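> For the record, the sequence lines run as chains A and B.
Under the numbering used here, the residues of the first sequence are numbered 1228 to 1477, in order.
Under the numbering used here, the residues of the second sequence are numbered 7 to 297, in order.
Derived from the structure by calculation, the hints contain no laboratory data.
Check before you lean on any hint, since a few could be wrong.
Under 10 Å between C-beta atoms, here's a sample of chain A residues computed to sit facing chain B [as the list claims (entries may be wrong)]:
{"#": "1", "residue": "ARG1302"}
{"#": "2", "residue": "ALA1304"}
{"#": "3", "residue": "ASP1305"}
{"#": "4", "residue": "LEU1306"}
{"#": "5", "residue": "PHE1315"}
{"#": "6", "residue": "MET1324"}
{"#": "7", "residue": "ASN1329"}
{"#": "8", "residue": "ILE1331"}
{"#": "9", "residue": "ALA1333"}
{"#": "10", "residue": "MET1392"}
This one's a predicted model, so the numbers in the text were calculated from it and none came from an experiment.
Virtual Cβ for every residue (Gly too), placed ideally from N, Cα, C.
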Amino acid sequence: MNAHAPILSVTNISKQFGGIKAVNGVSFDVQRGEILGLIGPNGSGKSTLFNCILGQLRPTEGHCRIHGRSTDGVRPADLSLMGVGRTFQQLSVFPRMTVLDNVILAGQEHEGSMVSRLFGRPDAGLTAKAEQLIEFFRLSPYRDTEAGSLSYGQQKLVDAAMAFMAGPEIVLLDEPAGGVNLTMLAHLKDRLLTYNREHGTTFVVIEHNMEFVMSLCTRIIVLAQGEIIAQGSPDEIRSNPMVIDAYLGG
Amino acid sequence: MAELIQILISGLAAGSIYALAAVGFTLLWQASQTINFAQGEFVMLPGFFVLIGMALGLPMWPAVLFALVLSLLVLGAAFKKLIVEPMLPHGTLPLVIATIALGLLMKESVKEFYGATAQPFPAVFPQTVYNVAGASVSAQDIGNLIVSMLAIGGLQLFLNRTRTGRCMQASAQNPGVAEILGVDVKRMVLYTFLINAALATIASVLISPIYLAKFSNGETLGLVAFIAAIVGGFNQIRGALVGGLLVGVIDNLSAVYVSAEYRQAMPLLLLIAIILLRPQGLLGTKEGRAV
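Chain B on its own, in the form it takes in the complex (with noise of 0.2 Å):
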């Protein structure tokens, strides 16, 4: 029971950042039909722009910072300006193409610049082991779980309770109307990919100090954030926080009662169970496309 218990939290833990990458994932999909397969390498860049504010004499935290402003700069309106806006009118097949392409750049270009090795990174939380009914659970997973969880649900409370989340579900739902009423729709899918950049963010310092700042972070992450937008509803944030959720307790649960060596597959046979028996997600919607 014990070592469920255990299994549980970090699975969640790990689920919540997946969450922060998947919720990206929906949101772009949402406002721009940008399907971003260098999803994984936005969540890996930001920790070296981390650990480069620190190289210049930053402090943790003020790097952090620092690494949040160029995300944002980089991987949210230069994205937008550079890559998608001159993709999109050719559809969705160039765009996805452009932005595997932009992963295997990301990925290389760090590889080049900082080499192939992992790079400490600073621990955001402390070290401390709980032990919880006989578990022992680490406060690095409780403040992940927590500051995902926060994230996220901030996310909510901003598109659910503002004029310009309001404004941003309408650009998403239906553009072409939503710049009659008067939204300024390119603003709102502009805000789109900043915050999907700083959700990045967030899970690069999240999760930077558990696998170390290493150029191939992003492979596994991404496809992993892919599938759990997927398996949660593609059109829906709670889906895609459901699916991250899932996917990590999943991936944790195989590693211990299944095989440490079949971890990776489970994930993909969720997928395929869901495109099989449920093929809008969990929480997804049904939608009509026209064609």
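Next comes chain A alone, as it looks inside the complex (with noise of 0.2 Å):
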């Protein structure tokens, strides 16, 4: 595969909901390593867009290829061997098991034979991987707590985790801030920031929390009414005043 080659790639993306078309026309390409966000006001289409990426919606017109292979009506569990590693708007953790558990069990699944499933070692070989990724999130105090009785800021860095542990080479975060304190946000981006650093993860962000945006991403896509209105470096969208006039309705 060629390495200049987009990640991911959107191509003319239209979803339409009966008379109404959530999505319009929408192309952009992210390259390996990018921080790409995802904004625009409530009804926008940001939700809809990302959905098809995931293959969770079939688009009207159009296509998402990433690695070059579309997703269209691929498997979410599939989504996840294709490389692709995401984070969930609404809590995503296994409340009854331990933070360990949790984030071995977001690796097990892409390791091993049929054999060793059945007979191999129940952690699949995965804890010292696992334990990385905790210490890494900051989470090792957390390491035997069960997921559920954490705050919803420290889950949220669980569900990071593990989006983490199979490795993906793209990470599509859904509203990452959302319901976190300040305290926690700040530590969450600097620990996504690093890992993209560390790592070369690509990472494609929705978000409604501006600050966050535009301190954690390389550009940033703005989106209103189911279209592209601007895109560029966190500077430049500042500066939009489409963008401003899209967000204040102005």
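If you follow the hints, you should be able to join the two separate chains into one complex; please do so.
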């Protein structure tokens, strides 16, 4: 595969629900190692586009490709095998399992044969890797704590650690800052930036929290009424009158 | 004192069999939100499968194996495929009604096929009675207690110490995310139904020598197992275990020290007390549910 080829390619995506066009002719590429932010006011089509990228919604027109492979109709489990990680808007931990077990589980289905699943080590040999990620997200004191008993922000960190466990090349983060307090948010941003720097992993972030997006992303695409109205660096987006207009409705 | 020891051991032995059925209740609930009101009949039927096997000329233990295979197919796979899967999209209540209907169908079918009289069932353990500190303790009670505990302990180990067990837990706690992580959730749910069928078969083989094989055996058993599951905590296997043992002991104690006539009311009183004082059950945890 060409090293300069985009890792994610969105081509002329449209999605119509009855008479309403939620996404209209959106195209963009995401390069390896990039941190792309997708922002826009409520109803701008961000979540619809996100679900089209993940193959959970079939576009009315156009297609999304990850590593050159269409995501249209791909099962969620296969997306993970394609090297795509994701976090969820809602909490997605297994509440009555420990933090360690949560993180191991996020990687174990990618390991081993049918036989090793039945007879192999119960942790699939992933404890050391899981502990590294737990340490990376500074969750070590909670390693053996049931995930459901952690604070909301800590559970978001567990969710993030789980997204990285299978060694994805691209991670789609769905409102990672939602409901997280400022201290935890700064910590999450720091960890994501560090991971991106150390591993070159690509991120696509959908987010409402403008400050978080501006300080995390290298490039930002702004959607309004299902169409791209602006894209560029955080500074360019900040000063773009169309973006200000779309957000303030003026 | 000797009498108390005797009652306690006998209660624990009966309770351990209730626990097998109660654990099945909790497993099905966690894996697929199925409240199986045919659970009593699920414990009644494998005993008759054993009798059918023996009528076909099989010795007892091969007949038990025959019953286990039939139970896995009928009470596990077919129950899931033909009853639960079609009914579940319509909500919990239609499924509950379907399982009540299934229980009636199973009971009446056995009555029609095998008759209303109790059928003799071969003993699993020797009919020996031991003297323990002056108390008479039967080998059957000890055997029932040990086999039930081993079955539940083995299940706990399987769920906590194997990859498949971990995937089953994940599927029960958050099926959407488990599927995205690559877990074959449908297969894990099937495993749960198969385990429930296996537990029901063990319970049936243990309890049928005591009550003999009778079409109506499931009536009390299903109710008691349901109470045990709620008392212990519907979302915890160890809760179902504790609930089963507690109900068994209270049932036996009340038969001797309160009134044999009111013994069946005691588990219900316990149920009411738990619902009022600790609705999540003794070992259960509170769960939020989106509506």
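> All the hints need checking, so say for each whether the structure fits it.
Do the hints match the structure? See the list:
Contact between ARG1302(A) and chain B, as hinted, is supported at the beta carbon level, the nearest pair being about 8 Å apart and thus within 10 Å. Annotation: interface hint on ALA1304(A) holds; nearest CB of chain B at approximately 4 Å, less than 10 Å. A distance limit of 10 Å between C-beta atoms decides the matter here; for ASP1305(A) the minimum to chain B is near 8 Å, and the interface restraint holds. For LEU1306(A), the interface hint holds, since its Cβ comes within 10 Å of a Cβ in chain B; the closest pair sits about 8 Å apart.
The beta carbon of PHE1315(A) comes within 7 Å of a beta carbon in chain B, closer than 10 Å, and the hint placing it at the interface holds. Because the smallest distance between the Cβ of MET1324(A) and any Cβ of chain B comes to about 6 Å, under 10 Å, the interface hint for this residue holds. Proximity of ASN1329(A) to chain B holds as hinted, the smallest CB-CB distance being about 8 Å (cut-off 10 Å). Taking 10 Å as the C-beta contact cut-off toward chain B, the hint placing ILE1331(A) at the interface holds, the least distance being around 8 Å.
Below 10 Å, beta-carbon pairs count as interface contacts, and ALA1333(A) has one with chain B at about 5 Å; its hint therefore holds. With 10 Å as the threshold, the beta carbon of MET1392(A) comes within range of chain B, its nearest partner Cβ sitting at about 9 Å, so the hint holds.
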